[in-house]
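Chemist: The chain contents come next:
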Amino acid sequence: MSLIQAIDLAVDYAQAAVLNDINFHISAGEIVTIVGPNGSGKSTLIRALLGVVKPSRGSVRRQPGLRIGYIPQKLAIDSAMPLTVSRFLSLPKRPPKYEMEQVLTRVGAEGLYERQMTTLSGGQFQRVLLARALMGMPDILILDEPTQGLDQPGVAAFYQLIDDLRQEIGCAILLVSHDLHVVMSASDRVICLNGHVCCEGSPQVVSAAPEYREMFGIGTKGALALYRHEHDHHHDHDTHKEDENA
Amino acid sequence: MLDDFLVRAALAGVGLSLATGPLGAFVVWRRMAYFGDTIAHAAILGVAISLAFSASIFLGTLAIAVLVGLIALGLERRGRSMDSALGVLSYSALALGLVAISFVKGTRVDLSAFLFGDILTVSVMQLGLIWAGSCVVLALLLWRWSSMLTATLNEELAASAGINPDRERLVLILALAVVVALALKIVGALLIGAMLIIPAAAARGIARTPEVMAGVAILIGMFASVVGVIAAGITDAPAGPSIVVAAAVAFGVSLLLRFPEK
Numbered sequence: 001m002s003l004i005q006a007i008d009l010a011v012d013y014a015q016a017a018v019l020n021d022i023n024f025h026i027s028a029g030e031i032v033t034i035v036g037p038n039g040s041g042k043s044t045l046i047r048a049l050l051g052v053v054k055p056s057r058g059s060v061r062r063q064p065g066l067r068i069g070y071i072p073q074k075l076a077i078d079s080a081m082p083l084t085v086s087r088f089l090s091l092p093k094r095p096p097k098y099e100m101e102q103v104l105t106r107v108g109a110e111g112l113y114e115r116q117m118t119t120l121s122g123g124q125f126q127r128v129l130l131a132r133a134l135m136g137m138p139d140i141l142i143l144d145e146p147t148q149g150l151d152q153p154g155v156a157a158f159y160q161l162i163d164d165l166r167q168e169i170g171c172a173i174l175l176v177s178h179d180l181h182v183v184m185s186a187s188d189r190v191i192c193l194n195g196h197v198c199c200e201g202s203p204q205v206v207s208a209a210p211e212y213r214e215m216f217g218i219g220t221k222g223a224l225a226l227y228r229h230e231h232d233h234h235h236d237h238d239t240h241k242e243d244e245n246a
Numbered sequence: 001m002l003d004d005f006l007v008r009a010a011l012a013g014v015g016l017s018l019a020t021g022p023l024g025a026f027v028v029w030r031r032m033a034y035f036g037d038t039i040a041h042a043a044i045l046g047v048a049i050s051l052a053f054s055a056s057i058f059l060g061t062l063a064i065a066v067l068v069g070l071i072a073l074g075l076e077r078r079g080r081s082m083d084s085a086l087g088v089l090s091y092s093a094l095a096l097g098l099v100a101i102s103f104v105k106g107t108r109v110d111l112s113a114f115l116f117g118d119i120l121t122v123s124v125m126q127l128g129l130i131w132a133g134s135c136v137v138l139a140l141l142l143w144r145w146s147s148m149l150t151a152t153l154n155e156e157l158a159a160s161a162g163i164n165p166d167r168e169r170l171v172l173i174l175a176l177a178v179v180v181a182l183a184l185k186i187v188g189a190l191l192i193g194a195m196l197i198i199p200a201a202a203a204r205g206i207a208r209t210p211e212v213m214a215g216v217a218i219l220i221g222m223f224a225s226v227v228g229v230i231a232a233g234i235t236d237a238p239a240g241p242s243i244v245v246a247a248a249v250a251f252g253v254s255l256l257l258r259f260p261e262k
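Protein sequences appear in the order of chains A and B. For reference, each letter of the first sequence is one residue, going 1 to 246 in my numbering. For reference, each letter of the second sequence is one residue, going 1 to 262 in my numbering.
Just chain A, with the same shape it has in the complex:
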């Protein structure tokens, strides 16, 4: 059974259709990436899958008792709200302290336990968001453009960490991204979105699809070539990761 399934989903905002005829599912342990240009409804799809926006037509089904670890696209914490990292990890339910420290250490954010959220650097903040998503062993991680504001080595290190964690926990991953060359490599399936599902399939299939090339204007030197390039320099990322932790 699918963890989350959307059937003939449509979402309208102010009478204008944002999403149309979306059929989507993600199974346990699967990695699915959604790509699409700005305004293609990627974030709206995530909001519909989470249940924040109601479908105008069609339906969304989540497996009963599904544990979702969500990393938002942006989390603007108002400077008016004092919030320590430990308090943030306790929202909405407080886990035991050793568990919080364990997860923080795992994502490379050790020692931040007592810090104020507003004083963290971009990379630290992202790791704390990931730590919160991992609390309580999620069945699925949903990441909406999780690397905005990170530099290139930071992005690579972050995805490496996600990949490692998935192998440890075995959770499914639903990723929205425009870092095409990075995300393509590990995905089981790629969904190309532009208000509707343009094309769908393995990274190889999608990157060869005319719809995809038309949308992103990528010729034969498409995402796969970039992906291979990324893969060649794997050890580089580990070095950067250590740098960032130092």
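The set of hints was computed from the structure by calculation and includes no laboratory data. For clarity, every value in this text was computed on a predicted model and none was experimentally measured. Treat the hints with care, since some could be wrong.
Stated by the list, open to error - Where chain B lies over chain A, by a calculated footprint (3+ residues, C-beta under 8 Å):
id	region
1	46-54
2	57-70
3	119-126
4	192-203
Glycine is no exception: its CB is placed at the ideal position from the N, C-alpha and C atoms.
Dock chain B against the given chain A, drawing on the hints supplied.
Modeler: Chain B only, in chain A's frame:
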């Protein structure tokens, strides 16, 4: 002890602070200051309707506050420009209320009592109502605390944890409406927003967690109520505005005590 009108007045402010402290914190975090003002201004329309139908002023203002809160919520959900929409709603309700009150025949109405509060004439009955209402609001906020806090931070984050952000927002609006109806007697429609925002803003500088901020806001509200009423008793100044001035002084002091962020 309750025979002394100054004691009753101070106790009324202290009781109200139990609700305005944590509620004010949410108003500050969610940047709903103008939203709160809109509901508060609309209370004047509630007063007019209560007078016209000889109904309880508390119930009349509560009904209108809930109604205006729900209208504002509906506008927000439709994605209208909130700033101007709230402005239209706020001032229309206030002006309509002022006009309507002038048409109410028979009783001579002291308008300033509703605009700036009339805390020194608070009766034992009203005192009981203020405490009971504030405790209900406080209990409601404590019950929903964690969910509301998560929803305030990020709607998607809340939804992923099984929280319905729309429901939490509705709870907040209802709590706001109750507090507006309670606070009308104490600081009046024009200064209710001040009782929500100033103690919470003052607490921000010396708090490291949301809970501490809400707790400190309660204490500052209580302190301002007592000091304001005493000062009003000595100087014959109007009590409602004196309470707000005391809160503003506390805010000034908090700026000096501000915690260094680390």
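Chemist: Would you mind marking each hint as holding or not holding in the structure?
Modeler: Tested hints:
With 5 residues having a Cβ less than 8 Å from any Cβ of chain B, the region 46-54 of chain A passes the three-residue criterion, so the hint holds. With 3 residues carrying a beta carbon less than 8 Å from a beta carbon of chain B, the region 57-70 of chain A meets the three-residue requirement, and the given coverage holds. Given as covered by chain B, the region 119-126 of chain A fails the check, having 1 residues with a CB less than 8 Å from a CB of that chain where 3 are the minimum. For the region 192-203 of chain A, the assignment as covered by chain B is violated, since 0 residues bring a beta-carbon within under 8 Å of that chain's beta-carbons and 3 are needed.
The structure fails to meet hints 3, 4 from the earlier list, while all remaining hints are met.
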